[in-house]
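*Asks:* So you can see what is in the structure, the chains are spelled out below.
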Amino acid sequence: MIKPLMYNPRRLPPSRGSLLKDIICCLIPLDNVKQCTDMHQLLDQILQGAACLLIQGERQGAALKIVGYKSRTPEEPMTEAVIQGPQEGFTECLDTTISLLRRGLKTPNLALERFILGRVNQAKIIVAYIKGLASPQLVEEVRKRLQRIDMDAILESNYLEELIRDDPLSPFPQILATERPDRVIGGLLEGRVAIFTENTPFALIVPGELISHVQSSEDFYHHTFLSSFIRLMRWGALAVSLLLPGVYVAIVSYHQEMIPLRLLLDIASSSEAVPFPNIVEALLMEVSFEILREAGVRLPRAVGQAVSIVGALVIGEAAVTAGIVSPQMVIVVAMTGITSFISPSFALATSIRVLRFPILLFGGFWGFSA
Amino acid sequence: MWKKPFMKLLSLVDLARKGQKEESPYPRPVYFTQKELANLPFSPSLDENVERVKKILGEAPDLVVRRFIIGSLDVEAAVLFLEGMVDKSLLNEKT
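Residue numbers (the working numbering), protein chains in the order written: chain A, 671 to 1040; chain B, 36 to 130.
Keep in mind that the hints are not guaranteed to be accurate.
[Unchecked claim] List time: in silico SDA-like cross-link candidates among lysine to any residue, alpha-carbon distance up to 25 Å:
| no. | chain 1 | residue 1 | chain 2 | residue 2 |
| --- | --- | --- | --- | --- |
| 1 | A | K691 | B | E128 |
| 2 | A | K704 | B | D82 |
| 3 | B | K123 | A | P674 |
| 4 | A | K704 | B | L108 |
| 5 | A | K735 | B | P96 |
| 6 | A | K794 | B | I91 |
| 7 | B | K90 | A | D708 |
| 8 | A | K735 | B | F103 |
| 9 | A | K735 | B | V110 |
| 10 | B | K89 | A | E728 |
| 11 | A | K794 | A | G738 |
| 12 | A | K704 | B | R102 |
| 13 | A | K704 | B | S107 |
| 14 | A | K740 | B | S124 |
[Unchecked claim] Chain A regions said to be covered by chain B (calculated; three or more residues, Cβ under 8 Å):
| no. | stretch |
| --- | --- |
| 15 | 673-684 |
| 16 | 687-700 |
| 17 | 703-713 |
| 18 | 719-733 |
Rather than coming from a laboratory, the hints here were simulated on the basis of the structure.
Since we're looking at a predicted model, the values are computed, not measured.
In this text, a Cβ means the ideal position worked out from N, Cα and C, and glycines have one as well.
Working from the sequences, and respecting the hints, build out all of it.
*Replies:* Structure representation (structure tokens):
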């Protein structure tokens, strides 16, 4: 862009108003050029990665969009892996994200609305919906709630989620966060509204009711019967994940008549050696499992393996042999742990993980009468 | 009788206010509010404009200012950009 300006010997044709306009028209062979009439606009453009051209004697500048900063290429999404189906995920770069959306959804009715939120860092937010499919009231509500936001900076889409959700105090997710383009496109085709935030691969889909959190985009890529079976199983597993420790403790502590005699005798003989009441035993195991899991996320990858082996030995084998917990409790905690990973939505898994504890306490203190 | 502690309190308030007004030993960075930024006009002088951008960005070390002369018009011009944010090959070459 500097080269043609410096070397081009071409004379300018008759003027079109201002010198800058002439230069943009005749001497700058770039596609995305914006005229800036005030300093604020110009600075904004510089900060967004444009090169700004200023000319002696002109009270305006031109912003040339030749962005060249580093950004990630679309990769397989880490949080929502599928076996069959597209393996591409959104990236932190909003332009890439929108281009992935456009590539998968070729309709002139796709509406993209731009919002700029944040006092200090002005984050670009894009609201997407399909005209004619999304209800106008829903779109209007999204606009209204976004415009109400007054914050220094929006760094991740969860900032928005917490500010625009229906019930801020509910432990359950009310908005679906996803980094899969096919998921977003599916949502848009169902008449939902998607919200994309700059600098995060996670897009929000509103409304995100509980059922949509239990659906995976892969369900649609398999045979109907198979997917339906898997979905039902998922609901069952989620119930187990939420209730199993609480129900087990309640039955063993208060409602022994519900257990078949042989099993009851087994449980009684193995918990004879355990010095704690059932509820303490269960809490001990659940808390140590949660700690291991949390530690596993933060651990450097090289050490992770070692810790998981030690963790498995400590909570499994050693705790039982040492007589701190009964083997039945290990099975219960292991089942709960495994089933909590079945949820396709990480947000739902987290809320179930937390809600398990109050249910455990209720079961332990009051049994089924709670 | 109640006046004495009351006056004491007032003097304390004065003291606190004085403390606020005291200059800090560190120079405060030049800070522009959104409103001030929005009302900044361009000047017809190129040097003036470049200086303004430099000042607002706080003499940022990654701000590059390239002055040159537009060949066919014999007019001074400048390109301003942040290092690492733009595509250098597009900026320099592209005929």
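*Asks:* Decide, hint by hint, whether the structure agrees.
*Replies:* Results of checking the hints against the structure:
no., hint, in the structure
1, A/K691 x B/E128, "21 Å, holds"
2, A/K704 x B/D82, "21 Å, holds"
3, B/K123 x A/P674, "15 Å, holds"
4, A/K704 x B/L108, "21 Å, holds"
5, A/K735 x B/P96, "21 Å, holds"
6, A/K794 x B/I91, "22 Å, holds"
7, B/K90 x A/D708, "16 Å, holds"
8, A/K735 x B/F103, "19 Å, holds"
9, A/K735 x B/V110, "22 Å, holds"
10, B/K89 x A/E728, "18 Å, holds"
11, A/K794 x A/G738, "18 Å, holds"
12, A/K704 x B/R102, "20 Å, holds"
13, A/K704 x B/S107, "22 Å, holds"
14, A/K740 x B/S124, "14 Å, holds"
15, 673-684, "holds (count 10)"
16, 687-700, "holds (count 5)"
17, 703-713, "holds (count 6)"
18, 719-733, "holds (count 13)"
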